[in-house]
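Sequences listed follow chains Y and A, in order.
The opening position of the first sequence corresponds to residue 653 in our numbering, with each subsequent residue numbered one higher.
The opening position of the second sequence corresponds to residue 11 in our numbering, with each subsequent residue numbered one higher.
These aren't lab readings, by the way, just hints derived from the structure by calculation.
Mixed in with the good hints there might be a few duds.
Okay, derived cross-link-like pairs now, DSS-like style, lysine-lysine, Cα gap no bigger than 27 Å in a straight line [claimed, not checked]:
no., chain 1, residue 1, chain 2, residue 2
1, Y, Lys1288, Y, Lys1348
2, Y, Lys1302, Y, Lys1180
3, Y, Lys1103, Y, Lys1288
4, A, Lys152, Y, Lys736
5, A, Lys271, Y, Lys736
6, Y, Lys1260, Y, Lys1180
Now the stretches of chain Y that chain A is said to cover, found in silico as 3 or more residues with beta-carbon under 8 Å [stated by the list, open to error]:
no., region
7, 708 to 715
8, 960 to 967
9, 1004 to 1012
10, 1101 to 1115
11, 1299 to 1307
Backbone N, C-alpha and C define an ideal beta-carbon position, used for all residues, glycine too.
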Amino acid sequence: MTDAPAEVAGRIVVDGRPIEFADGDSVAVAIVRTGEVPGHGGCLCLAGDCGNCLAEVDGVAYVRTCQVAARPGTVVVRHPAGGKPQLPVVDWRDLTLMPVGSKIAVRRTEADVAVIGGGSSGQSAVEAARSAGRDVLLLDARDGSEVVGIYPGPSIVARDPGGMLHVRADEIVVATGSVEIQPACPGSDLGGIVTAGAAERLEAAGVDLGRVVHVGRELLRFEGDAGRVSAVVTVGMDATETTTPCETAVVDLGRAPRDVLARMSRAEGVSAVGPAAEDQPLPAPPRDGVVCPCMGTTVDDLEAAWDQGYTDLELLKRASWAGLGPCQGGACLPHVRSWIAARTSGPPPAPFTARPAARQITLAEAAADVAIDAFRRTPLHDEHLTLGARMDRFGGWWRPWHYGDAVAEYWAVREGVSVGDVSTLGKLVVSGPDVVEALERIYPCHVADIKPGRSRYALLLNERGHVMDDGMILRDAETRFTLTFTSGGAANAEMWLRDWIQTWGLRVHVMDRTMSLAAINVTGPLVKTLLARLGLEDAPRFLGHIRAEIAGVPCHVMRLSFTGETAFELHHPLDGSVALWRALMDAGRDLGVRPHGLQALFGLRLEKGHVIVGMDTELDTTPRRLGMDWAVRMEKPAFIGRASLERTAKLDDSRRWVGFSMDGEAPTEGSPIRSVENGEIIGNVTGSWTSPLLRKALMLGWQRRTPFADRVEIDGREAVVTPTPFYDPEGHRARA
Amino acid sequence: MVSEHIASLQPIAWHEPRDSYDVVIIGGGGHGLSTAYYLATRHGITNVAVVEVDYIASGNTGRNTTIIRSNYAIPEAIRFYDHSRQLYAGLEAETGAAIFHRVKGHVWIAHTEMGMRTERGRVLMNQAMGVDTELLGPADVKRLVPQVDLTGAGRYAVLGASHHVPAATARHDRVAWAFASGASSRGVHLIQHRPVTGLLRDGDRVVGVETAAGPIRAGVVLSAVGGWVSQVAAMARIRLPVRTHPLHAFVTNDFEQGLDKIVASTELACYVSQTERGQMLIGAEFDSQPSFSRLSSFDALRSYAYKISALLPFLRSMRILRTWAGLCDISADFSPIMGETGVDGFLITTGWGTWGFKAIPAGGEAMAELIATGRTPGLIAPFGLDRFRHDLAMADQASAGTR
């Protein structure tokens, strides 16, 4: 029955051997034309339902070859007989690795009604919807539209020859029709067995099937020779067996609903119609042989699992593996249900659920067109790169970790002047007649007494009284404030404010300026000299803020200090950022100005004992545990978290974040802190820095055991609890 | 191959339900079944029923990504999970059941300085607790996981990782069935497809459960319910600091073994291991939006597919066999809640979120001890519900799931 195509359309390569195909051939049909089988036996349906024609096609394993058109040069590799494919191997020279999935197109479309399946029930659904004036999209597997799944929305994800198709529809009609029931009997895993539908397709393609035997429910078993069917054994009404030799067995055992999608989708707006939704008579219970061709589960296997107590369809499926393969039970489910009905002498159990993917896609196809994880860049990104910064992602932004020498950056701040890019800070402008009331309720500190032109450090608490974020409250005018937040906490803080303000119904506008304002922190004992050169004559005093033009760039100048030295934050429009940065670097050249990265900043703040929310804090960090009760005004009648703080203030003071110091190099952040008495782990280090100035190891960290210790063991050395700030405890330098 | 697999199944015994038991456990998942098993084997308490709304292990036990590890960051969690890991390692020997336990090692990759800070701290804390976890540089990562793209597709460069050497995987169904078999063969009743609709009370005390098929009286009721725990707790008039969030996962088809390690990334919020069948089993972070929907989400799939293949590009050409979702009971501090509830006769094991599978043996063992002796074992004492009242969270978010 080997049969060269009458008109050769091209060649594909199967297991390294070229074979010819005719126009219109699928890969599976082209292989069957040569007298072979695309997989390793089992009845072929050639309709995309079974898993018996799976092979690797063009580097993708588990492809239904009946659903892939043969094209010149298509490379097919059969899966190993009785084994599994090897994991794919990446060609590391392949530049399409970046970005993932870039070559696969994604199209998005909408329709009033999407109909899956173009058979008679599908056509009826299409006509009904069209005559109702509705916009209809038809997805037909025979046109290459393979539906992966139906998702809430409802929506459909499909693959078609153009790539991936995402469909949003008001209504989805599953009209997938029915499948031909696969044989489940001894020999049903032989080659040369096809369904009646497949036989029709092969005959229409001009494939010579040799000596054909048609068989229906009288089928008893197949006999084979060298892996191919050689005869069909049937049983008559009188129980006599008849053996009919053949080269191809054509099986017609009736049909079952093609209901993988119908069993998957309980989403609103999804319905199934036609044979896909209709109960069909189940096949006779299988008595022997392979039931699940995908996994190789036999009737004996079902029996063995059932005997061990796995007597529920879902348990039986998981215990026997029937239905766990690529066809999602399409082939075995009618047989397994029939078998259980016979075994229990009861009704068949309801079908098990189906889950995507109904038709499989690769991870690359799933990931096609993903545009996520946009790491934000400040306007100074290229300046940092030019200055040799090692950039790191922090709080959703690219930020300079260091510029080659964190210690030199540290000294520039402590002894000269330095610039740092703090554009990433959260920046909200809030205004309106109720703004003071809103902020008084949101923050645990006083707000009303902040005068215009002044500012105050504030913690942001949640209802449990735990620290969520921190930043500055700067009063611009009677009813207008600028608020700053941490880089990583800004988005959450904005939601938090808007949510509460809306809940309270207060008249407050919130404008998020995080992305529209850049900010440069200029800090160090020489900072005023530098800023004076660029036009800042009357620098505001500590915690003051003014509007001023610096190097021609309009700035909101905020006097505060995270580094412990005199510092000004210059908030300014994005388009002036590079000019301002360069002006600072140029004008400060003789002052030794240099930029500092996060690494130096973390050391600088550590010497001051400043908390970094998220790095030092936990989910249950109260102001008391941070030693920051001064930032909370319990005399205020109401603010978020107040009730919880009132309650937890009465509990034992059981956790405390404190400073430690010891000689030598700083230990690794995260190091356990142990009791000097018994070695028990009592906490951990959240910040650690070898202070170039103080010449010792400084740490911040948690003590979680009471009574709190004065001496602890860190990194095998003894460290002493040390009051913070470690550096300039009176804060003279920040105020200078 | 299937028949070999089936030959290693342990029998599950089914009994005609009674209307009264010493102990009724709501929820036939891993924790409910292991508690029943340890009640029977360690304490000789077998007048026990496990009442399951669907089939056993139909919830999160049968939906999870089967990773067993103890590389947490706080001593209380490390101690608890490492005990569980050790129980797992001995479970096949103890029960005779094949659970396909395989020690693989867990490589937790960091892509940023902050990520490395977390992994360094994890390594030091693990080592201090006697748990075998080591710090890796990029070259070490490549040596252990040759398939990794150290550039992270040009976006997520690998700076290093922690390697938790004894981390393992086990087949989730088999774990549940091992406990179901061991418990039921000793007389524990497993009652499937029986929704609990209420609790029976005698004054303030809970004395049983109301079910769709009638009441069942009990000396003690334990809720070992997953995603729907807040509803069950509400029956006992308890408000839990737990929210339910869906978690999505997916598997590829079967391939020959080739990915030796469990690979995870906090920043990419996903992780992968190869199952004993050869599938790539890929999980991710739970949805940020609370929900009780177990429908798969394509948005979740495409995001995870993108991220995991940025790290392991060989996955790109692999086809996805199946996707699914589970409902995670996420506690306020990302740690479990075990023990007394303040309501007499009603105990709870919950807050298992995305991290409950690894805790099945130790969680069940401890809950069984509490039920049998009336005393909370020291191992789980830090994880009591009252910790929230005392503001003593067991916060270890960086170890819980992926974040």
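Each hint, compared with the structure:
1. Y/Lys1288 with Y/Lys1348: Judged against 27 Å, a Cα distance of about 41 Å means the pair is violated.
2. Y/Lys1302 with Y/Lys1180: Violated: Y/Lys1302 and Y/Lys1180 sit about 46 Å apart, past 27 Å.
3. Y/Lys1103 with Y/Lys1288: holds (18 Å)
4. A/Lys152 with Y/Lys736: holds (25 Å)
5. A/Lys271 with Y/Lys736: Within the cut-off at roughly 19 Å; holds.
6. Y/Lys1260 with Y/Lys1180: Holds, at roughly 21 Å.
7. 708 to 715: holds (count 5)
8. 960 to 967: holds (count 7)
9. 1004 to 1012: holds (count 4)
10. 1101 to 1115: violated (count 0)
11. 1299 to 1307: holds (count 4)
Hints 1, 2, 10 from the list above are not met by this structure, while the remaining hints are.
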